[in-house]
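All chains should be built: construct the whole structure from the sequences, respecting the hints.
Residue numbers (this note's numbering), protein chains in the order written: chain U, 183 to 412; chain V, 312 to 712; chain W, 194 to 277.
Among the clues, some could well be false.
With a straight-line Cα cutoff of 25 Å, these simulated BS3-like cross-link-like pairs (lysine-lysine) come out [stated by the list, open to error]:
id	chain 1	residue 1	chain 2	residue 2
1	V	347	W	251
2	W	251	V	517
3	U	328	V	621
4	U	245	W	276
5	U	326	U	410
6	V	517	V	342
7	V	585	U	328
8	W	200	V	517
9	U	328	U	233
10	V	513	W	256
11	V	513	U	245
12	W	276	W	200
In short, the hints are calculated from the structure, not lab data.
One-letter residues, chain by chain:
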Amino acid sequence: MAGAMPPSFIRNNKMERSITSYSLLHDNKVIVNGRIIFYQENIIKFADFLKTVFKQEQLAYPKFYKMDTLSKLGFLAAELVLKEKSIEGYRPEAVGVVLSNSSSSLDTDVAHNETIRDRASYFPSPSVFVYTLPNIVIGEVCIKNKIKGENAFLISETFNGRLLCEYVNELFNNERVEACLCGWVEVMGNSCQAMVALVEKLAPGPDGINGSFKPLLFNEQNLNLLMKHN
Amino acid sequence: MPQRIFITGYGIISCIGNNIEESFNFLLGSKPGTGKINHVQTLLRDELLVGEVTKSLDELFDMAGIQPADGYSRNTLLGIIAAREAFASGRLDQHTELRTGLISATTVGGMDRCELYYNDFLTNDTRNSFIDSYDCADSTEKIAQLLGIHDFTTTISTACSSAANAIMLGARMLRTGKLDRVMAGGCESLTRFHLNGFNALKILDKDSSKPFDINRAGINLGEGSAFLVLESEETLKKTGNVPLCELAGWGNSCEAFHQTASSPDGIGAYLAMKKALDMSGMAPREIDYVNAHGTGTDNNDLSEGRAIEKLFGTRIPLVSSTKPFTGHTTSAAGSIEAILSILCIRNGVVWPNLNFRERIAELSFSPVEKLMTDTEVNAVMSNSFGFGGNDTSLIFRKVEV
Amino acid sequence: MDELILKLKQEVIEQLNLEDITPDDINPDLPLFGEGLGLDSIDALELIVLLEKNYGIKIEDPKDGKKIFHSIRSMAEYITEHKK
Numbered sequence: 183m184a185g186a187m188p189p190s191f192i193r194n195n196k197m198e199r200s201i202t203s204y205s206l207l208h209d210n211k212v213i214v215n216g217r218i219i220f221y222q223e224n225i226i227k228f229a230d231f232l233k234t235v236f237k238q239e240q241l242a243y244p245k246f247y248k249m250d251t252l253s254k255l256g257f258l259a260a261e262l263v264l265k266e267k268s269i270e271g272y273r274p275e276a277v278g279v280v281l282s283n284s285s286s287s288l289d290t291d292v293a294h295n296e297t298i299r300d301r302a303s304y305f306p307s308p309s310v311f312v313y314t315l316p317n318i319v320i321g322e323v324c325i326k327n328k329i330k331g332e333n334a335f336l337i338s339e340t341f342n343g344r345l346l347c348e349y350v351n352e353l354f355n356n357e358r359v360e361a362c363l364c365g366w367v368e369v370m371g372n373s374c375q376a377m378v379a380l381v382e383k384l385a386p387g388p389d390g391i392n393g394s395f396k397p398l399l400f401n402e403q404n405l406n407l408l409m410k411h412n
Numbered sequence: 312m313p314q315r316i317f318i319t320g321y322g323i324i325s326c327i328g329n330n331i332e333e334s335f336n337f338l339l340g341s342k343p344g345t346g347k348i349n350h351v352q353t354l355l356r357d358e359l360l361v362g363e364v365t366k367s368l369d370e371l372f373d374m375a376g377i378q379p380a381d382g383y384s385r386n387t388l389l390g391i392i393a394a395r396e397a398f399a400s401g402r403l404d405q406h407t408e409l410r411t412g413l414i415s416a417t418t419v420g421g422m423d424r425c426e427l428y429y430n431d432f433l434t435n436d437t438r439n440s441f442i443d444s445y446d447c448a449d450s451t452e453k454i455a456q457l458l459g460i461h462d463f464t465t466t467i468s469t470a471c472s473s474a475a476n477a478i479m480l481g482a483r484m485l486r487t488g489k490l491d492r493v494m495a496g497g498c499e500s501l502t503r504f505h506l507n508g509f510n511a512l513k514i515l516d517k518d519s520s521k522p523f524d525i526n527r528a529g530i531n532l533g534e535g536s537a538f539l540v541l542e543s544e545e546t547l548k549k550t551g552n553v554p555l556c557e558l559a560g561w562g563n564s565c566e567a568f569h570q571t572a573s574s575p576d577g578i579g580a581y582l583a584m585k586k587a588l589d590m591s592g593m594a595p596r597e598i599d600y601v602n603a604h605g606t607g608t609d610n611n612d613l614s615e616g617r618a619i620e621k622l623f624g625t626r627i628p629l630v631s632s633t634k635p636f637t638g639h640t641t642s643a644a645g646s647i648e649a650i651l652s653i654l655c656i657r658n659g660v661v662w663p664n665l666n667f668r669e670r671i672a673e674l675s676f677s678p679v680e681k682l683m684t685d686t687e688v689n690a691v692m693s694n695s696f697g698f699g700g701n702d703t704s705l706i707f708r709k710v711e712v
Numbered sequence: 194m195d196e197l198i199l200k201l202k203q204e205v206i207e208q209l210n211l212e213d214i215t216p217d218d219i220n221p222d223l224p225l226f227g228e229g230l231g232l233d234s235i236d237a238l239e240l241i242v243l244l245e246k247n248y249g250i251k252i253e254d255p256k257d258g259k260k261i262f263h264s265i266r267s268m269a270e271y272i273t274e275h276k277k
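So, in structure tokens, the structure goes:
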């Protein structure tokens, strides 16, 4: 499979906001900045998939194993993005996170319901319950990366690139945000899909960042293309 | 100069009343609104004290003005009732040419009915429309449909700061000209699901909660709904509405400390309050009253108290938590407490922090103990902090008409 | 006691999802919290669930957990004393 970007992406030529790094995870495949870094022919068990990628990328963080699947997915996607393009130069308050999905935390809601559904096996688990909120995944990303800027989790039936784009632009325009992670992190049953992008006020250098990857213009169209690129 | 944002309508329902007037009168009585569980079917029924709306499902249908039908959760009905009051109060039936949006916050969604029919829904499919209503957006869509708000709708779910974030998003959409007016707020009903979850976290007080008290022992969960109508300066000229007050500032921050706990120094709370204050252009001493998040847990009250000290230094404004009145209405708390704050500005009162006896040793201030009346309240800061470290602060300011 | 300690180590590892940690890695006399295993307040609550689920022991006040969950040995001692 080719690692190059499809030609239809709009390149950034002006001093605009750019997607300076991104990751895509979908069931059995991981793409970071246009490169496939993980692929498995047979779709493996979803939890094992995330664990395998986590280990392959040598992301030492024991708390990862305690997270629910939505947090694992979002955390992993964000780590892969930030591994390529660090945000360490920013003030913690100047980094925002806006994620979205369609199933909220339903997958973990079901797990929590299992622990309270009948009297005989009534053992509600605190560590399951704390993940029955979609925004906890953002909390996990922020804890790891010391991000203290505004965050939001948006839920819609299908990916809404326009809303996401407007929300992030608003943070840059009026909320003193200088870098923002944004995207889609969806988990339900045995299927998962994540697209996380880092947006910065950056123009592309002559050689792009990390050699081959050049920042993409941050707009609705490119976000939609990234989603489809999965 | 960015456009100013005004509040021109409001509506509320919670355990302290079914509308603005009832709620205001209840608050003047200075007693908790919480009680035993009547409606939620849970093993914890006799163990916990909650802020449950007294009305049954049938009564709520009646109040919402719709025929009982499947697919309507208690949560949606609470939302409809508060939204209808806000709709009338903000005269949303007028000037239908204006682009109007609905931004509603909830975390439980349709869970209150869904959890009753979920376990056997594959074999017993007679109540499946309730399963569809589980989705958080379902309540928003039903409210929007009923009120005929079609230009924009969205649902915000960021735990206990959700409704404050809905108000914040609404204000921004007005300021950037995406909409002309917005109804923003949230609804949340009590469920077996989150009662059990909070209980597992061992942060529920079995008695009436005691925010900011040295012997505080946790939260009383509650339910309810509240919506505000927001208009931009420009829109106000067209509608001719008389503003209830101004939304002068807002700030959100992520604490990045723990999934559910607040940091000991309250840095997230501090950053949210500081941001809201900076936006309002006011000095700290101009804030007359802080309606604190004040859940009554060991962790929140100390952390929030420290953040308040950091922001206000030695000149701490009046502070109280109104959660002993309403219970902690989680995703609706932001808009319910926004309205309680606005009532202070409108009526020159400050709500007492019920059940307070003794100051937290580490803090330099005590909350307001007794109801204050005939008090000039020009600006109120309302805090709402959520699991995930999502902290929001809103500032409401009096408008001289 | 040694048997219970080994069993507890395995149960703690499972309940708290301590990936890559084996029973041999846990010294039964060293503190469970603070340094070492990197456990937090949610883990402490999860240990309360473990005691209830596996041993039928109920702890009402989470503050009592501090002493009980000091180490694997203190947990084993508490279980031996309170098991129904």
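Is residue 347/V within 25 Å of residue 251/W, Cα to Cα?
-> holds, 24 Å
Take a quick look at whether residue 585/V and residue 328/U sit within 25 Å of each other, Cα to Cα.
-> Within the cut-off at roughly 19 Å; holds.
Would you mind confirming whether the straight-line C-alpha gap from residue 276/W to residue 200/W stays at or under 25 Å?
-> holds, 15 Å
Straight-line alpha-carbon gap residue 513/V to residue 256/W, limit 25 Å = holds, 10 Å
Between residue 245/U and residue 276/W, does the CA-CA distance stay at or below 25 Å?
-> violated, 31 Å
If you draw a straight line from the CA of residue 517/V to the CA of residue 342/V, is it 25 Å or shorter?
-> holds, 17 Å
Starting from residue 328/U, check that the Cα of residue 233/U is at most 25 Å away, please.
-> Holds, at about 23 Å.
Under the criterion that the straight-line Cα-Cα distance not exceed 25 Å, is the pair residue 328/U, residue 621/V satisfied?
-> holds, 21 Å
Are residue 326/U and residue 410/U close enough, with their CA atoms no more than 25 Å apart?
-> Answer violated: residue 326/U to residue 410/U is near 28 Å, above 25 Å.
Below or equal to 25 Å on CA atoms is what counts here, so check residue 200/W against residue 517/V.
-> violated, 35 Å
Are the Cα atoms of residue 251/W and residue 517/V separated by 25 Å or less?
-> Holds. Residue 251/W to residue 517/V sits at ~17 Å (cutoff 25 Å).
Hey, residue 513/V versus residue 245/U, does the alpha-carbon distance stay inside 25 Å?
-> holds, 22 Å
The earlier numbered hints that this structure contradicts are 4, 5 and 8.
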